[in-house]
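Asks: With the sequences and hints as input, model every part of the structure.
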Amino acid sequence: MTPERAAPVKSKVGLRHTTSIAGTFLTAACASIGAISLLCILGYVAVQGFRAIDIAFVTALPVPAGESGGGVANGIVGTAITVGLAVIIATPIGLLSGLFLALFGRGWFPEVVRFLSDVLSGIPSIAIGLFAYGLLVAPFRHFSALAASFAFALLMLPLILRTSEEAVRSVPRAVREGALALGLSELSATMRIVVPAARPAIITGLLLAIARVTGETAPLLFTAFGSQFWELNPTQPMAQLPLQVFTYAISSYRSWHEQAWAGALLLILAVLVLNILARVVLTPRSQR
Amino acid sequence: MPTTVPGARGEGGPPRRGRARSLNVAAIAAADRFFLFVVHAAVGLFVFVVGLLFVELVRQSWPAIQAFGFKFLWTSQWNPVTQQFGALPLIYGTVVSSAIAIVLAGVVGVLAAAYLAEFAPGWIARPLGFAIELLAAVPSVVFGLWGLFVLAPFVRTILGPFLQHTLGFLPIFQGPISGVGLLTAGLVLALMILPTVTAISREVIVAIGTDLREASMSLGATKWETVARVVLPASRIGIFGAIVLGLGRALGETIATTMVIGNRPEIAASLFAPSYTLASVIANEFTEANGALYVSALVELGLLLFVVSFIVNGAARLLLWIVMREKK
Chain W
1 MTPERAAPVK SKVGLRHTTS IAGTFLTAAC ASIGAISLLC ILGYVAVQGF RAIDIAFVTA
61 LPVPAGESGG GVANGIVGTA ITVGLAVIIA TPIGLLSGLF LALFGRGWFP EVVRFLSDVL
121 SGIPSIAIGL FAYGLLVAPF RHFSALAASF AFALLMLPLI LRTSEEAVRS VPRAVREGAL
181 ALGLSELSAT MRIVVPAARP AIITGLLLAI ARVTGETAPL LFTAFGSQFW ELNPTQPMAQ
241 LPLQVFTYAI SSYRSWHEQA WAGALLLILA VLVLNILARV VLTPRSQR
Chain R
1 MPTTVPGARG EGGPPRRGRA RSLNVAAIAA ADRFFLFVVH AAVGLFVFVV GLLFVELVRQ
61 SWPAIQAFGF KFLWTSQWNP VTQQFGALPL IYGTVVSSAI AIVLAGVVGV LAAAYLAEFA
121 PGWIARPLGF AIELLAAVPS VVFGLWGLFV LAPFVRTILG PFLQHTLGFL PIFQGPISGV
181 GLLTAGLVLA LMILPTVTAI SREVIVAIGT DLREASMSLG ATKWETVARV VLPASRIGIF
241 GAIVLGLGRA LGETIATTMV IGNRPEIAAS LFAPSYTLAS VIANEFTEAN GALYVSALVE
301 LGLLLFVVSF IVNGAARLLL WIVMREKK
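Same order as they appear, the protein sequences are chains W and R. The C-terminal position of the first sequence is numbered 288 in this note's numbering, with every residue numbered one higher than the one before it. The C-terminal position of the second sequence is numbered 328 in this note's numbering, with every residue numbered one higher than the one before it.
Hints should not be assumed to be uniformly reliable.
Covered stretches of chain R, as calculated for chain W (at least 3 residues, CB under 8 Å) [as the list claims (entries may be wrong)]: (1) 245-253; (2) 313-323.
Each pair of labels, with its calculated beta carbon distance range [unchecked claim]: (3) R:Trp123 to W:Leu180: 40 to 46 Å; (4) R:Phe37 to W:Phe50: 49 to 55 Å; (5) W:Leu182 to R:Trp62: 55 to 61 Å; (6) W:Ile55 to R:Thr287: 29 to 35 Å.
Read the hints as simulated data drawn from the structure, not as lab findings. Ideal placement from N, C-alpha and C gives every residue a C-beta, glycine not left out.
Replies: See below:
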């Protein structure tokens, strides 16, 4: 009797272990799908992009459709200006609001601010573009890079706000209280002791926010609008690299498709560098 | 030698300490008040701008709201020439493409999160997690480009015919396959929201205490049984929140969808058919829209997106907030 009974139990244990191993592989396969897709996209963009890219691409102005050559220099500069202005608009508001949440974070009002910030981070960028259009384009009757910067700033704000709150919060309370006890004012305790201690995490948040809007295309369609020329005045329509990639990609010219891949390569490189930079800045603190 | 507080230099300066100090107290108090004012002003400005966002969208879409009322949501004529604007085909395209994305990314993302949180050793989990994070950083226009030139041909030549061959009896897999359409858009969206679902589910799973795991393992459950029957059920609310958050992203995604969905405001049963989404219509038609009503109708689509994502994101954050609060 005994061996007969033992056998099924043993085989069931075996089955359960096999299931467990199979489950591990199943979940591992799912986790690799994301990584494989990333490699697939990066690889394809790299191959197609490097084939199409040359010096002229980053130094020359666009040429009319069908002609070969030409570049997106104005778009690169335009994107840099637009994102730079967005950083200038978003950083002070985001950082100060983050400070507010970290220092006076209790009660209903801070909770409302956090909730609004989280919800704002989920609002489609195109809706924010429409808002920027209504506020900064329609009243002046012409497109402007400034409106795009405003939209970008709104996209960056939630990220800057929450990361700087967390960064400031992670500075031990005792550090701040010690500074206050030594006679520092609220202002200097915050700006000279707490914020410098939280700086790596704040910079990380800022870099990730920049990465988020670099390559953002939808709000640009009716704010910066794009331009064929060198335009450095932010109150005018301005060329933007993501817009150029978009326009070239959906066109029907082969030479433009190639330019779209080259532009995509530049965008991906920029975003990857920003993300890796964000990691590097944070690493010394997160090493536990 | 007077010892100075590090960091305090520069406020009034060290010389002539007696007088400087009495001045400093008032100056410091004033500076503090100013600082508090600036901090509060920044927060106030932030709240004001978010409020203004809603008000401005309502104001711009008011003519269309007045002209069409709720009919806007369930009539299916989107015809700028006759000034007929019904958003139903666009809502259909948005919902179906997002549904495909959420089903695929939900299953894959949650299992991936389980792997990263429970099974993977650190030296695998770290780079793999980073790769998935980077996928979230890829700009949507690059996703669109890749979807248009790599995924769409794949759907047209391999995946589409395969689905038609095996599951062709279902109406959703019938009809001509052009490559661009609901299915391709759903696939691209799935990839785009996968990192969101994975990262947040992982956070939720990690937040489950070790006591549950240890209790399950000590009762003789295998690792897989522990994950499938204890850990995942225990974190279901948070995982649901993660999926809803992903849904929010998929509903509002614009550029990538615009490039691969085919841009035709029609309702077709087939997933291979071209369609249109709320966001894509705005992207394609806004700058070329003539006539106040047309512009206003497009802004109303944006308002619709805003309201829907406000509700979806609000609900998701509420769920996650409840879960994370319980854990603390």
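Asks: Which numbered hints does this structure break?
Replies: none
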